[in-house]
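Following the hints, complete the assembly by docking chain B onto the known chain A.
Chain order of the listed sequences is A and B.
The first sequence runs 12 to 289 under my numbering.
The second sequence runs 12 to 370 under my numbering.
Take the hints with a grain of salt, since some may be wrong.
Cut-off 25 Å, straight-line C-alpha distance, at most; resulting in silico cross-link-like pairs (DSS-like, lysine-lysine) [what the hints assert, rightly or not]:
#1 K108/A / K269/B
#2 K108/A / K268/B
#3 K268/B / K43/A
#4 K206/A / K239/B
#5 K326/B / K206/A
#6 K43/A / K269/B
#7 K239/B / K43/A
Negatives, chain B to chain A, calculated, CB over 12 Å [as the list claims (entries may be wrong)]:
#8 R43
#9 N70
#10 G81
If you are wondering where the hints come from, they were derived from the structure by calculation, not from laboratory data.
All values reported here derive from a predicted model rather than from experimental measurement.
Note that beta-carbon positions come from the ideal geometry of N, C-alpha and C, so glycine has one too.
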Amino acid sequence: MHRFFYILIQEGVRTTKVRDFEVKNRIGESDKYRVYLGEKADGSSVVLKVAKTFEDGDVLAFEAGKFNIMKTVESEIRRFQNPTKENDSHYDWLFAKLEASFIESSQGGRRINVYSLPNVDFDKLIPLSKLMARIEVDAKTSAWILGRIFKLYGFFELIAVANDQSTVEYPVFSIGDYLIEPEKHRVIFYNFPEKNVDVVANDYVKEIAKTFLEWAVIEEEDKAYRELLENLARDGSMTFEAAHKMMYAVIEELWGRKYHTFTYRDKGTLIWKNLKEE
Amino acid sequence: MGDKPFSVDSYVSARRSYGITSDKDVTRAAERQARATGKLSEIVDPGIKPMRYSKIRLNPHRKMWITTMGCPMDIEVSCDTTGSMGGEVDTEMKILPKLYEAIARVLPGYDPQLCLGIFGDVVDDFVLCRPQFEMEAEKIVRYLKEMAPQRAGGDSPEDPQYAMFARAYLTNAYTNRIGLKGYHFIVTDATCHGSIRRQDIQRIFGNNVFENELKNMREIPSFEKVIKDLKAKTHQFILVVDKRSSAYEYWREVCGKKSVVRISTTRQLPEVISAIIGLTEGTVDITDIGNTVAYHCDSPTIYDLNNIEIGAQAKLRQALPFPIPKIGDIFRTKEDLWPIQPDEKVEDEEKPSTEIEYL
Chain A
12 MHRFFYILIQ EGVRTTKVRD FEVKNRIGES DKYRVYLGEK ADGSSVVLKV AKTFEDGDVL
72 AFEAGKFNIM KTVESEIRRF QNPTKENDSH YDWLFAKLEA SFIESSQGGR RINVYSLPNV
132 DFDKLIPLSK LMARIEVDAK TSAWILGRIF KLYGFFELIA VANDQSTVEY PVFSIGDYLI
192 EPEKHRVIFY NFPEKNVDVV ANDYVKEIAK TFLEWAVIEE EDKAYRELLE NLARDGSMTF
252 EAAHKMMYAV IEELWGRKYH TFTYRDKGTL IWKNLKEE
Chain B
12 MGDKPFSVDS YVSARRSYGI TSDKDVTRAA ERQARATGKL SEIVDPGIKP MRYSKIRLNP
72 HRKMWITTMG CPMDIEVSCD TTGSMGGEVD TEMKILPKLY EAIARVLPGY DPQLCLGIFG
132 DVVDDFVLCR PQFEMEAEKI VRYLKEMAPQ RAGGDSPEDP QYAMFARAYL TNAYTNRIGL
192 KGYHFIVTDA TCHGSIRRQD IQRIFGNNVF ENELKNMREI PSFEKVIKDL KAKTHQFILV
252 VDKRSSAYEY WREVCGKKSV VRISTTRQLP EVISAIIGLT EGTVDITDIG NTVAYHCDSP
312 TIYDLNNIEI GAQAKLRQAL PFPIPKIGDI FRTKEDLWPI QPDEKVEDEE KPSTEIEYL
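Only chain A is shown next, with the shape it has when bound in the complex:
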């Protein structure tokens, strides 16, 4: 396993039973909750967020509502579109799936949220914030990550439409809220910030494009991609759905839609590496 594939705070594996879930080792924490790996009764893996105090449960209650909306709308889309393997938009792969949210009396009344991450190898997950802190990526690698984030934000626009909302509630963008699974090209939104941007037409695209413009190392041959990011970072007054479409038009023309191995270099070095070679 590559050295940056660690999000686990290894404390030695322990097991505690909470309702139907086996809670195992702690893998992270925020100021409001701790994060554990766990298992459902059927043996499948889950992530459990346990509020640090009873009061901290508010954050998880809020988050549960938001993730539940995402899950509900995704399953509605799935139900109506009845997608085949070829045309499945797979919005469900973009965010953590809320399995349960409850107040646990055996844990001092603290709230616990349980999430599954379908079709993901848990051992290979890493927060985007850690990636951005340690490595740089090539244009193609940055493009699939950014593409997934635009798609996710486009999904928030769909949620607003599906629910007759006059404005879209976009979560504030934070690189700490995403997990990356580099091999399967998965970007998973797993923290819902309490702050959101509630706007009709947004220029929020700018901020995200700018973040990726600064992170990616874009060679001269890929300058069309650089120009795209520069344009979006300068004038992002469009929906995320439009930005996503625009981006994929450029990608198709530049590289075609092919699998690209995660390619990166450690910050401050010049040697490119990719997962295939390791």
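Relative to chain A, chain B alone:
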């Protein structure tokens, strides 16, 4: 105060004894009477003894008092009966058993007490019908049939602010006394005039209300103040029927996004009200909403339910000095706030189990 629970049998029996044989026009006689006399039946008239009470039910027990039905939970629903919503009392009467059953299911250990009222417009002869909080089918059926919906309503904005005013300042609820909140629902398809006027308060709640029940009210509160005070005492919700965006956006602006839920029809009230209460109490897992409510409601309702303040009552309950009273608890006097606490039991409950690892 009794120990009669609500039951479908008692509901059917009450309907029979009050001669309610149809699901339509259950208030026809009361409306006719109100028109002829210019007065509401006193059991729904907010102008006669305007205070409403939600009390714990106690029976005498060895010179003390024993709790017969658990902790009371006051739930007030005030329904728009103007224009197209004129027949809503019929709906309330029809769905009553389902409503009570759904609420009781998400409030284990509580004694749900229902005040199902109606409101209209200030231009109407009767702006508000507001019964006492009741928990027995016979009494609820009786007060529902005594309502006098005006079915008119003047212009489009209506006047539910007086129903909100009543819960904020003219209600004595056990929940508030111990530090919990009750529930308040306005069901409407319209916006609100939002003006609170002294002469309207006197017309609705009686000429002497400022000398008696509201003698400490130094100035007439603004609509914003009423909402703020209502929210201090209840988990307050607006259920917007018909998804008209003007009413929905208006109420989200006035009461906050977490307090407004759209519904398609008032027939959904049992599912939606019980889901709101269950989520607020923490007795319903939000991931179950899809399985229970989704069958009856469409996407915007589910969306709004996911946005309410989940677990808000659980938070208040956690802060209480004692567990909420339960059946069989003993009160020294009827005026006591809390039952006698078995000290040794309290100590036991405070100790976390040694077999469970604290995460």
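12 Å Cβ clearance of G81/B from chain A: holds (18 Å)
Given pair status - K206/A, K326/B, alpha carbons within 25 Å: holds (21 Å)
Restraint status (C-alpha distance of K239/B to K43/A at most 25 Å): Since the Cα atoms of K239/B and K43/A sit roughly 28 Å apart, the hinted pair is violated (cutoff 25 Å).
12 Å Cβ clearance of R43/B from chain A: holds (40 Å)
Hint consistency between K43/A and K269/B [alpha-carbon to alpha-carbon, up to 25 Å]: Holds, at roughly 22 Å.
K108/A paired with K269/B [C-alpha distance capped at 25 Å]: Measuring from Cα to Cα gives roughly 22 Å; hence the hint holds.
Pairwise hint evaluation, K268/B against K108/A, where the allowed Cα distance is 25 Å at most: holds (24 Å)
25 Å limit on alpha-carbon distance, applied to hinted pair K206/A and K239/B: Holds, at about 23 Å.
K268/B paired with K43/A [C-alpha distance capped at 25 Å]: Holds, at about 24 Å.
Distal placement of N70/B relative to chain A, Cβ over 12 Å: holds (30 Å)
Consistency note: the structure conflicts with earlier hint 7 alone.
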